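Asks: Sequence:
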Amino acid sequence: MLLGAVLVLLVLGGAGPASAHAALKGTDPDDGAVLKSAPRHLTLTFTESVGLLDDSFRVLDPQNRRVRIGAAQHARGRSDTASVTLPAKLAEGTYVVAWRVVSADSHPVGGAFTFSVGKPSATVASVDTGPTENPATAGLYNIARYLAYLAAALLIGTAAFVALCRPADRAPLRRPLVAGWWTLAGTTVALLVLRTPYENGTGPAAAFDPSALTRTLTSRPGLALLARLALLLAAVLAVPLRKRGALSRPLRAAGAVLAVALALTWAAAEHASAGIQVPVAMASSVLHLLAMAVWLGGLTALLVLLHGTEPPAAVVARFSRVAFVSVTVLVVTGVYQSWRGLGSFGAFTGTTYGRLLLAKLAAVALLLAAAGLSRRWTARLVSDRAEAAVRERVPEPVGGPPPAAAAEPAGPSGAGPGRRHLRRSVLAEVAVGVVVLVLTTVLTGTLPGRAAAEAAARPSTAGGLPVASVTNVPFDVGTPNGHGKVQITLDPGRVGGNSVQAVVFGPDGGIVALPEVRLTFSLPAQKIGPLDAKLRNLGGYWGTSDLTLPLAGTWTMHVTVRTTEIDQVTVTKAVRIQ
-18 MLLGAVLVLL VLGGAGPASA HAALKGTDPD DGAVLKSAPR HLTLTFTESV GLLDDSFRVL
42 DPQNRRVRIG AAQHARGRSD TASVTLPAKL AEGTYVVAWR VVSADSHPVG GAFTFSVGKP
102 SATVASVDTG PTENPATAGL YNIARYLAYL AAALLIGTAA FVALCRPADR APLRRPLVAG
162 WWTLAGTTVA LLVLRTPYEN GTGPAAAFDP SALTRTLTSR PGLALLARLA LLLAAVLAVP
222 LRKRGALSRP LRAAGAVLAV ALALTWAAAE HASAGIQVPV AMASSVLHLL AMAVWLGGLT
282 ALLVLLHGTE PPAAVVARFS RVAFVSVTVL VVTGVYQSWR GLGSFGAFTG TTYGRLLLAK
342 LAAVALLLAA AGLSRRWTAR LVSDRAEAAV RERVPEPVGG PPPAAAAEPA GPSGAGPGRR
402 HLRRSVLAEV AVGVVVLVLT TVLTGTLPGR AAAEAAARPS TAGGLPVASV TNVPFDVGTP
462 NGHGKVQITL DPGRVGGNSV QAVVFGPDGG IVALPEVRLT FSLPAQKIGP LDAKLRNLGG
522 YWGTSDLTLP LAGTWTMHVT VRTTEIDQVT VTKAVRIQ
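Residues -18 to 559 in our numbering are what the sequence shown spells out, letter by letter.
Treat each hint with caution, since some may be false.
Calculated lysine-lysine pairs in the DSS-like style (CA-CA distance at most 30 angstroms, straight line) [what the hints assert, rightly or not]:
no. : residue 1 : residue 2
1   : K6        : K100
2   : K515      : K466
3   : K554      : K515
Please keep in mind that the hints were generated in silico from the structure rather than gathered at the bench.
In this text, all values refer to a predicted model and were calculated from it rather than measured experimentally.
Build the full structure now, drawing on both the sequences and the hints.
Replies: Okay, structure coming up:
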């Protein structure tokens, strides 16, 4: 029930598209540049490495015609660039470039910019420049991602519990192990099928195109998913639960290798595979995922045993030691990954990535508190079991047991209350652990603070005209005093570069400060967008000087206002760009 509620909130409650890992650092020619002669190449540089699509570039001339260009490729072998060759001769006027690439963490990202040859055109091209994100495809894809993480924790954690804690009876753990395997296999197939529609922004029906699967199987994310399926098939024989007795060393070694290889299929297609210190980041990501799986999956396995027959105290004590090591690894790798992703302390509150990380840290602190309680009840359980064993060996004195022994509560080996308390604390750990795991999944698809800072440092080159577009957008989040309006000023409110100011007025007409205001623009008629304005809190209002609207037309403006940590609303408003 908890997992279902979290998934619904994340998938249906989002106000906009997921932030991708790669952000545009610069273009050559510059956005809005007026060139004396036609360029021979277009080059885009990103904060991280990107993958190219068959239709990564669309170039439109001043007469609404699509320019024939060469195949997209990486410039000079650099994976953080996308380049295309232009014709030898280009007519005078303004050209629109629409682009779409896949970031290193497997999320598609797109945008548009303009440049002019000779002088700007009196009119601007207007034509289909590519699909936007399809909500159905994105929703299904994200659900599969969340479930894949949870299934990995269940599969790897249960197997590790069997190998490291050595329960005498492994039969009760067969069900969570099998459930984890089938869920991970099913979500991996779903991700493979939906991969190409997700990248191209098309509907789920496009997954049935044979060429779509062919393209997926030749891409890096597709190869990682295919490797995951192969590893799952190999894992079928790794940890047999039908038999009793200790697992052999070769079998435990094979299971460890398979677990590391499975974790690599995530690290190879997410944040760790791009940016600074890639080898260290990949190793840290693998250790972080494995530690998380061993802890949370092991907690689930322990909970299963606690709801059945009384687990031996030695098994509980072993898991307590394993959990302590896992937490230590999580802390060390988490600190490194936070430093790598944030880049500065200001990014904690100034970026979406930082705020999500703060939420995760708060959840982890709560998880550690629950883990400390479980560790205390584990010690109590072991002590009670040891005392019970001593009493069983010591003959009773003449006249019956002493009053203290007779007053002890009934239960297996005299450990009934300790077992109940331990079960409750472990259940609390599992519940909070699911939240931590979901926040981790969201973080893997969010633009890191370091990349956001690099993208924000990109200079704005387009000029403006001495006119402005002012739009008042009313909002109401449905809470007391949770209504007002946002006054959005686009300067000059025309094609090209624009500055944006968003001032929030409360119910009494006074200016109010809110935790977050987001603004995106889409041109549905031409299938452009959504383009994120990337508003920043400028002290009393939100704004940016780096928004480019490449085409004329009626744009759809999506304004998201967040009044508290949980209350937000998105309002749509049309705005005319000349």
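Asks: Hints first: check each against the structure and report whether it holds.
Replies: Going down the list of hints, with the structure as the test:
no.: 1; hint: K6 - K100; verdict: holds (25 angstroms)
no.: 2; hint: K515 - K466; verdict: holds (19 angstroms)
no.: 3; hint: K554 - K515; verdict: holds (18 angstroms)
Checked against the numbered hints listed earlier, the structure breaks none of them; every hint is satisfied.
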